[in-house]
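Visitor: Turn these sequences into a full structure, and let the hints steer you where they fit.
FYI, the numbering for the sequence shown is 5 to 605, going by the numbering used here.
Calculated directly from the structure, the hints in this document are not laboratory data. Where hints are given, some of them may not hold.
Unchecked claim - Calculated cross-link-like contacts (lysine-lysine; reagent style DSS-like; alpha-carbon spacing at most 30 Å):
| # | residue 1 | residue 2 |
| --- | --- | --- |
| 1 | K521 | K428 |
| 2 | K428 | K506 |
| 3 | K289 | K323 |
| 4 | K319 | K289 |
It should be emphasised that the depicted structure is a prediction, and the values quoted were computed from it without experimental measurement.
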Amino acid sequence: MFYVIHQLIFEKEGVYLHTNAKRSNQDTTIPGFIRIVERDGEGGEEETKFDPGYEPDWAVISTVKQERRQEHPPWGSFSLPLSELYSLRRARFSLGRNFLVLTTRGGDPLPPLHFQRGGARELLKAMQRYIRLAPSPMDGRLFLAYPHDSGALSQSFDELHLFDDTSADLVSRFIQDPYATTFGGFSKVTNFFRGALPHTHQESPLSNRSPQDAHCPHPADEEPGFELITCGAELGPRPQVKRGKPLDNWDQFLDPEGRVIDPQKVKELVFRGGIVPSLRREVWKFLLGFYPWNSTTKEREDILRVKTDEYFRMKVQWKSVSEEQEMRNSLFRGYRSLIERDVNRTDRHNSFFSGNENPGLALLHDVLMTYCMYNFDLGYVQGMSDLLSPLLFVTQNEVESFWCLTGFMDLVHQNFEESQEAMKQQLLQLSVLLRALDPELCDYLDSQDSGSLCFCFRWLLIWFKREFSFEDILSLWEVLWTRLPCENFHLLMASSILESQKEELIGSNHDFNSILKHINELTMKLDLQSILCGAEAIYLQLTHCKLPLKVQEVLGLRVPCSSSDESPNSEPKETDTLLTQSEARGASSCQPFSVILHNLD
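Guide: Here's what the structure looks like:
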């Protein structure tokens with residue numbers, strides 16, 4: 005095929021065409037490239053052969069200026085004028101893969117495009133030189149394309165003889181019913197692909213749904229998946245942050261009756277530098293809600309007495325369960341079995357829990373069993389022993405550690421719920437933050453099927469307990485308990501860690517398995533103070549720029565609105581439709597072809 009190319013605007017290799025959502029016994033993606041070029045078909049110009057420099061299976065070529073009329077679209081490529089681009093949608097399907105779906109003015113979605121090596125953001129930036137992308141008022145995931153010159157709408161995709169509809173009819177139909185027009189004419193374009201792509205009949209894993217898609221779409225400026233179109237947040241410089249000195253004088257914050265004079269100042273000092281070890285036992289009980297900040301010394305003595313009685317009443321309840329009763333209570337029996345198993349492998353390297361007959365192990369067991377009586381609905385879930393052991397180590401007291409655990413669990417109990425909705429939400433929020441901070445890293449993780457950030461699950465579940473040394477965890481948790489500067493500071497911590505690993509992840513070209521392996525091998529290798537400084541610097545950087553609404557919600561700068569929530573099942577129906585419609589383009593073996601897009605002046 006021959007073109008007259010005036011200027012190459014954009015080029016990206018490693019773009020994959022997804023050809024079949026439901027039926028495939030072989031790979032359903034075809035590698036190729038995408039280009040945006042300016043060309044003109046007028047006389048006097050020398051025709052040059054289109055040469056990508058290698059043998060691609062397909063190519064999308066978007067050309068600008070006037071096109072040369074083609075009698076038949078070639079199998080080596082197919083084209084679309086940018087003026088004929090009606091909409092685009094970015095959808096995330098299984099394993100965190102991002103697909104960009106382009107829809108023509110004729111209402112025909114092209115096959116979903118997967119950017120294996122990133123570059124979707126750069127493509128859309130280049131496209132916006134010639135068209136304007138505006139969010140659909142009906143669907144936050146859908147962006148409509150408008151030419152800068154409205155006269156360009158007079159020409160249509162029918163010049164490639166793919167459609168019989170006139171442009172004017174298509175425009176009016178789209179305005180009246182965008183969904184019906186977008187998806188209604190797909191049969192025409194499938195005929196175009198059918199000659200190049202034979203059919204297959206096996207189920208594709210892409211029909212499965214990613215956990216992130218369980219959340220409803222939002223308006224465009226709130227939708228993290230579309231921040232690559234709106235270019236996300238325009239970040240200013242990241243400030244330098246230094247850690248402060250730990251809190252080392254508790255008495256100066258107490259009035260004559262023992263009340264804490266300035267709780268906010270205490271929290272700020274703890275956030276900035278932590279607490280010296282000798283004061284942790286006392287201050288932690290305030291941070292975790294065992295003692296009210298405005299309580300007097302006498303009131304705290306009364307609280308301790310009442311709480312001690314309450315604790316031992318609950319402990320007697322499970323202690324008095326006979327073996328015969330336990331045999332008829334499978335739930336209680338299951339809790340005990342899990343606790344006994346986890347206690348025997350929790351922080352055994354620490355002298356407080358080492359050895360077979362260590363009393364610390366018995367205390368760990370008893371406090372966890374008593375928590376089951378305190379919150380029988382939740383009971384015991386693996387990981388809770390990791391939360392208790394530092395509390396027991398610091399307080400050296402069964403009762404105090406129990407009530408500190410209840411305060412800690414008030415903050416994180418949703419992490420342990422069976423539905424795991426809270427964990428899914430936090431991973432989604434982390435993705436939103438990372439997308440705003442480092443789109444390049446996000447695109448790379450997406451390209452390696454790691455965009456779901458599932459490798460961060462353990463970090464968020466037990467607040468980095470397995471990632472840092474025991475002593476570092478004592479310092480980290482007291483910082484997080486202040487809830488400063490926002491309640492999701494642990495997500496900023498995770499973002500800081502991921503950013504610190506960007507060069508290694510991208511530079512070494514890690515794939516899904518090696519990314520998971522690398523993240524797991526970070527255990528005990530991270531510098532806590534550097535990560536804390538990085539997390540705070542990220543927060544300060546973000547709060548000094550204009551942020552997408554979704555990012556504001558994560559940082560606590562905006563209360564999310566739930567009035568427009570949609571059913572979690574709505575998105576997979578749309579994405580399944582897009583993929584099902586491309587079923588006719590599936591292939592067990594593929595002939596090379598290209599796609600060419602045009603924008604007409």
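Visitor: Confirm or reject each hint.
Guide: Okay, the hints, checked on the actual structure:
| no. | hint | verdict |
| --- | --- | --- |
| 1 | K521 x K428 | holds, 21 Å |
| 2 | K428 x K506 | holds, 23 Å |
| 3 | K289 x K323 | holds, 27 Å |
| 4 | K319 x K289 | holds, 21 Å |
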